[in-house]
Amino acid sequence: MGDTKIQLKFFSVPEWQKEETYLREQHKNGWEFVRVGGLGVYHFQRCVPQDVIYQLDYNTDSTKQKSEYIQMFRDCGWEYLQNYAGYSYFRKSASEMGETEEGIFCDDASRLDMMKRVFVGRMTPLLVIFFCTILPQLFIQSHNQIPESRGFFVLYCVLFVIYLIAFIQFGVRFWEFYKSAHK
Amino acid sequence: MDSHIQKVYVPMTETGFYILLCLREEAHGYSIVKKTEQLTNGEIKISPGTLYGSLSKMEKDGLIRFVREEEKRKIYCITALGTQVLDLEMKRIARLYQSMEAAK
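Read top to bottom, the protein sequences are chains A and B. So for the first sequence, the working numbering puts the first residue at 1; every next one is plus one. So for the second sequence, the working numbering puts the first residue at 1; every next one is plus one.
Hints in this document: simulated from the structure, not taken from any laboratory. Model, not experiment: these values are computed from the prediction. Just so you know, even glycine gets a beta-carbon here, dropped at the ideal spot from N, CA and C. Keep in mind that the hints are not guaranteed to be accurate.
Stated by the list, open to error - Covered by chain B, according to a simulated footprint, are these stretches of chain A (three or more residues, beta-carbon under 8 Å):
no. : segment
1   : 20-26
2   : 63-69
3   : 109-120
Claimed, not checked - Distance windows between CB atoms, simulated:
no. : chain 1 : residue 1 : chain 2 : residue 2 : range
4   : A       : F167      : B       : Q38       : 10 to 20 Å
5   : B       : K60       : A       : F167      : 27 to 37 Å
6   : B       : Q84       : A       : S142      : 52 to 62 Å
7   : B       : A103      : A       : L39       : 56 to 66 Å
8   : B       : A102      : A       : R35       : 35 to 45 Å
9   : A       : Q65       : B       : S3        : 43 to 53 Å
10  : A       : R150      : B       : G62       : 56 to 66 Å
11  : A       : V161      : B       : M90       : 23 to 33 Å
12  : A       : Y178      : B       : I44       : 41 to 51 Å
13  : A       : L39       : B       : N41       : 44 to 54 Å
14  : A       : S93       : B       : E43       : 20 to 30 Å
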């Protein structure tokens, strides 16, 4: 078997925790994360199986002061890996942590803040496309009599469903988190 | 102090409180983490994501100010507004403590 592998994996916008778990499981199974690129192309290389915590942050402020941002995480023992679609990837070995497992956030207020940043940064553009393109086009194409518009109508229907699923997913995630933070 | 500051920072998170407490002297992010650990006998360990987010927010809201940069580390210091907010929090916490003692 080779020493590297590539896996295709798609995580939607609000699924960063699923992605963190996925990367941790891979490392536990002896596959160290190298990088991610394209549309969810994950590169791994063989390593000694280890429990390593992977964490994603979404912070557009940080792009202006990248080196200070990375330095703060490095000081706290987190290795910076890369930036991908606005997310910064970090990891830290569980053996370097005390009895309690660490994350890059230590309270619910800051976890909720990150969720809001993701919403503003990633969901707002989607909402704009949804209301300014998909919805009007759906309406226009469904009233068009030319034969080509049938194809467009189907295309916009598919987009409509994809976008709707993304919004519902995010809404549910947000709601679940909000509930758990306000117990 | 405007209502936005009141609403967001009174009462404030534990992390927020320790950040302001430490920034009565000039300090960079990681030294805030270390100092908080010392003050709380290792019970509170501020994580970098929380710290970075809090510092940017507090700087934007004028509670702390950027002083200078040393080896890629930004040094901050509390402002007059920050001190005002911290005083309010200290009084609130002292009141909580007194009530707790009185109820024993």
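Worksheet item: Per the hint of 52 to 62 Å, is the separation of the Cβ atoms of Q84(B) and S142(A) within bounds?
Response: Cβ of Q84(B) to Cβ of S142(A): about 59 Å, so the range 52 to 62 Å holds.
request  = Test coverage of the segment 20-26 of chain A by chain B using CB-CB distances below 8 Å; three residues minimum.
outcome  = violated (count 0)
- Item | Supplied distance hint 56 to 66 Å, evaluated on CB atoms of R150(A) and G62(B) | 57 Å, holds
For this session: Take a look at whether the Cβ-Cβ distance between Q65(A) and S3(B) falls inside 43 to 53 Å.
Result: 30 Å, violated
Within 27 to 37 Å or not, the Cβ separation of K60(B) and F167(A)?
29 Å, holds
- Could one say that the CB atoms of Y178(A) and I44(B) fall in the range 41 to 51 Å? About 24 Å separates the Cβ atoms of Y178(A) and I44(B), which means 41 to 51 Å is violated.
Notebook entry, point to check: For the pair F167(A) and Q38(B), does the Cβ-Cβ distance stay inside 10 to 20 Å?
Noted result: 46 Å, violated
Honestly, do A103(B) and L39(A) meet the 56 to 66 Å range at C-beta?
Check passed, 59 Å falls within 56 to 66 Å.
Q) L39(A) and N41(B), beta-carbon distance inside 44 to 54 Å? A) Distance hint for L39(A), N41(B) holds at roughly 48 Å.
Next on the checklist: Three residues or more, CB to CB closer than 8 Å: is that satisfied between the segment 109-120 of chain A and chain B?
Outcome noted: holds (count 4)
M90(B) and V161(A) - C-beta distance against the hinted 23 to 33 Å: Between V161(A) and M90(B), where Cβ atoms are some 54 Å apart, the hint is violated.
For this session: Can you take a look at whether the segment 63-69 of chain A is actually covered by chain B? Rule is 3+ residues, C-beta closer than 8 Å.
Result: Answer holds; 4 residues pass the 8 Å Cβ test.
In summary, the numbered hints that this structure violates are 1, 4, 8, 9, 11 and 12.
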